[in-house]
Amino acid sequence: MTKPFPNQSGIYDVIVVGGGVVGCAMVRRFTLEGARVLLLEKSPDILSGASKGNSAILHTGFDAPTGSLELQCMKDGYQEYLQIHQKMSLPLLKTGAMVVAWNEDDLGKLQGIVEQAHANGIADVNLIGRERVRALEPNLAHNALGAVEVPGEFLIDPWSAPLGYLLQAMMHGAQVRFNTEVNGGYFDGELWALETTNGFVRGRTIINCAGLFGDVLEQQLLGASSFSIHPRKGQFVVFDKAAARYLGNIILPVPNERTKGIVLTRTVYGNLLVGPTAEEQEDRLHAGLDSDVLRQLVDAAVERIPALEGMPVTATYAALRPATEKKEYRVQRVEGKNWISVGGIRSTGLTAALGIARHVFSLYQREHTPVPAPILQWPTLPNLAEHLPRDYQRPGYGEIVCHCEMVTLREIENALASALPPGDLGGLKRRTRACMGRCQGFYCGARVAELSAGHLAIPLATGVCHEAH
Amino acid sequence: MKPIEVENIDVAIIGGGPSGLSAAMTLRKLGVDKVVVLEREPEAGGIPRHCGHPPFGLREYGRIYTGPAYARKNVAQALKAGVQIRVKHSVTQMGQGGRLEVVSPDGAQVIQARRVLIATGARETPRSARLLGGDRPLGVINTGAFQSYLYLEHLKPFERPLIVGTELVSLSAVMSCRRAGIKPVAMIEANLRATARWPLSLFPRLCGVPMHFGAQLLEIHGTGRVEGATVRLADGQTRTFDCDGVLLTGQFTPESSLVRLSDLRLDPKSGGPYIDQYGRCSDPAYFAAGNLLRPVETAGWSFREGHKIATMIARDLQGQLPAATPSIEIACKGDLKLCVPQCLSNSSVVGMQHLQLRVSRAVKGRLVVRADGKEIWSRAGSSLPERRLLIPIASLNLPQGVQQLEVDFVGQ
Chain U
1 MTKPFPNQSG IYDVIVVGGG VVGCAMVRRF TLEGARVLLL EKSPDILSGA
51 SKGNSAILHT GFDAPTGSLE LQCMKDGYQE YLQIHQKMSL PLLKTGAMVV
101 AWNEDDLGKL QGIVEQAHAN GIADVNLIGR ERVRALEPNL AHNALGAVEV
151 PGEFLIDPWS APLGYLLQAM MHGAQVRFNT EVNGGYFDGE LWALETTNGF
201 VRGRTIINCA GLFGDVLEQQ LLGASSFSIH PRKGQFVVFD KAAARYLGNI
251 ILPVPNERTK GIVLTRTVYG NLLVGPTAEE QEDRLHAGLD SDVLRQLVDA
301 AVERIPALEG MPVTATYAAL RPATEKKEYR VQRVEGKNWI SVGGIRSTGL
351 TAALGIARHV FSLYQREHTP VPAPILQWPT LPNLAEHLPR DYQRPGYGEI
401 VCHCEMVTLR EIENALASAL PPGDLGGLKR RTRACMGRCQ GFYCGARVAE
451 LSAGHLAIPL ATGVCHEAH
Chain B
1 MKPIEVENID VAIIGGGPSG LSAAMTLRKL GVDKVVVLER EPEAGGIPRH
51 CGHPPFGLRE YGRIYTGPAY ARKNVAQALK AGVQIRVKHS VTQMGQGGRL
101 EVVSPDGAQV IQARRVLIAT GARETPRSAR LLGGDRPLGV INTGAFQSYL
151 YLEHLKPFER PLIVGTELVS LSAVMSCRRA GIKPVAMIEA NLRATARWPL
201 SLFPRLCGVP MHFGAQLLEI HGTGRVEGAT VRLADGQTRT FDCDGVLLTG
251 QFTPESSLVR LSDLRLDPKS GGPYIDQYGR CSDPAYFAAG NLLRPVETAG
301 WSFREGHKIA TMIARDLQGQ LPAATPSIEI ACKGDLKLCV PQCLSNSSVV
351 GMQHLQLRVS RAVKGRLVVR ADGKEIWSRA GSSLPERRLL IPIASLNLPQ
401 GVQQLEVDFV GQ
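Line by line, the protein sequences are chains U and B. Using my numbering, read the first sequence as starting at 1 and increasing by one per residue. Using my numbering, read the second sequence as starting at 1 and increasing by one per residue.
A few of these clues could be false.
[What the hints assert, rightly or not] Heads up, incomplete: computed chain U residues facing chain B, CB under 8 angstroms, no partners named:
1. Gln116
2. His118
3. Ala119
4. Ala315
5. Trp339
6. Arg438
Keep in mind the hints are simulated off the structure, nothing from the lab. Just so it is clear, CB atoms sit at the ideal spot from N, CA and C, and this is done for glycine as well.
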């Protein structure tokens, strides 16, 4: 099934490989700047790799390495999100964060964190004492000794945001192909021809946003990769909505060398989340859960918020972050190859995505000058955030299919009929929250199977059954 | 977006399962005027709607029904008694004094009920709350979802599942598999014996399903759909079953999310609301009945419990129930996992007939009740997790002025 495109019209200015949050932001930026863009995604839906599991925080960059590309991209991404979120009806929950010191060691590091934040240009970050911590977060364990207050850290919807980026790009002509994996290709000095599981595609520039497989892609197409991926697994536990009342701020730990550590935060969906762990592994495909680690996460959450004792767990999940052998982002143009690598985007990718896209576009602009779209169109994303009006509050929704998350029939039907419909159950869950609640499909699983039949790459049902009466 | 309409009614019943419908028809028969069942599903009837097999209804109606037929019968009886059943109505908030925020496809409204009965039932513990390890592929579901697939949607979620658990509901799952032509690869149980009673526990073997006791599910495998499940067997060996689904049965938990989000007191042991022997919650406008109170009882038990609590509500509406305070707290000790009710109002008015208990592990010895530290009742016996364990409240002959009760299982 390898049929090359017959003429010039099949040539894209830019082919983005990988539909994670960075890929979606990339397609948006390049499309809005006037480039003809194709997104290739090997899975049936966007956000199927690292981007499906994160802590859903819009970071200020207060603790990013001063002067780093990561910091620049985070700050740019943060600013751009604040500018565009309302235009797309994307939520923003202004919680603020606290880096809490739980022991004397931590306490000693707080001043340094404040200084770094100030050096990073985050001026409203300041040190607060234990009394103030207690006043602001009365449900935190009393061994919180002090904290760095970061008022600008917010919560966002980590799945609707990239969906919105890509939808906007599609409104401006970007094309997307799912279930399309790049298997090979060549560069003739001007054009790339990529061999995919769905035939050849041709483009002038390739942007590698392949996340966990970014180095593999480069070895395949460039013969070598400038970085190597060392997957880092993060496991999370989500508590029931009743838990959200115990917390206001995002509670960040004092970071160590390797990771930002375990975060306690509400989500825009009204839950309380604890995670992620940081576990190095070789496997790039499986982000397995570990019962003992999940139990440790629950215990850690209860230790920090004692009222969580006995609180039911709603969900558990794990995802892999595409860490590399170095800490920093690995973004660079490969000279003479019309190729831009975007590698090593780890925990901060959700925040930085829009900024990374801007940065990559500036690298591209050195050689190309597309004409930006004159008038921007904006998609309207269905709201899934609890602090804003939900669909069930508007009459005519048909029925509530998922009672735990109050997902309506209208929302599910709209998602299935949308311009970028879900490709698998994960995609449907991320777009609607159906089956994401405390019963995990006990009540609605079968109904969702029926509603989604014929829409998903792997159907929920294995077959029909007319005998059972 | 403030809901404007406030509707005043006598009793609102949240949940149209066996206990809710039974309570509703009883209230009507006792002369309560406006009784409204708020059911969030498109059809009332509750869990029996998707238990496509007998036996249901023998004690209630003197004949045997399948689950769906029993659910329809309960609905018909309630309607006949003059109960209003409002389907697709979800309560989003239970406010003080019986003020309910409700949404339906027609819009939001506020219902002010003189009394509210919470009868939201129970559900099984899903994969997440069991903190199970491994991948998260399609095909890991509970019996409730499984039976909805079969009986409501006529779909199969898998062909060769591994069944986890040996409760009554697990046997019901085996029965459903059999009817649908689904072939379980095995049934595993973490304990050393089946939770369901003999001879029912023989049923899976009779169906040719291998059973493994003392077996712990360690990890689920699969990228798209389930491809296998690794189990540690009783002899310490691990074995990976080749299966395309994992059916997690039982480990019922009260569906008490509305209670958790309200100001009502919750009993951390049962996971349901804290009640007295009249089924009355910490806010005396609220009552509770059915499997919300404790995981888990049969539909018939829930039906009778709904009836009983309804008679209490009817009396309360006429000012004939004693005041909610002061009351005697009941503490659970040792291997007793839960006790319902959690307190007794100090009164001669008879409410529920039993203290309902469950043990957290297999126990043998003496079940003991102490009043203010002094033993006042005991009985020798044994019990297993999930098994019904009752103490007749009348048999306690509570001494005057008791402050606190303690129930304990003193092992041998």
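Hint check results:
{"no.": "1", "hint": "Gln116", "result": "violated, 36 angstroms"}
{"no.": "2", "hint": "His118", "result": "violated, 41 angstroms"}
{"no.": "3", "hint": "Ala119", "result": "violated, 41 angstroms"}
{"no.": "4", "hint": "Ala315", "result": "holds, 5 angstroms"}
{"no.": "5", "hint": "Trp339", "result": "violated, 29 angstroms"}
{"no.": "6", "hint": "Arg438", "result": "holds, 6 angstroms"}
Checked against the numbered hints given earlier, this structure breaks hints 1, 2, 3 and 5; the rest are met.
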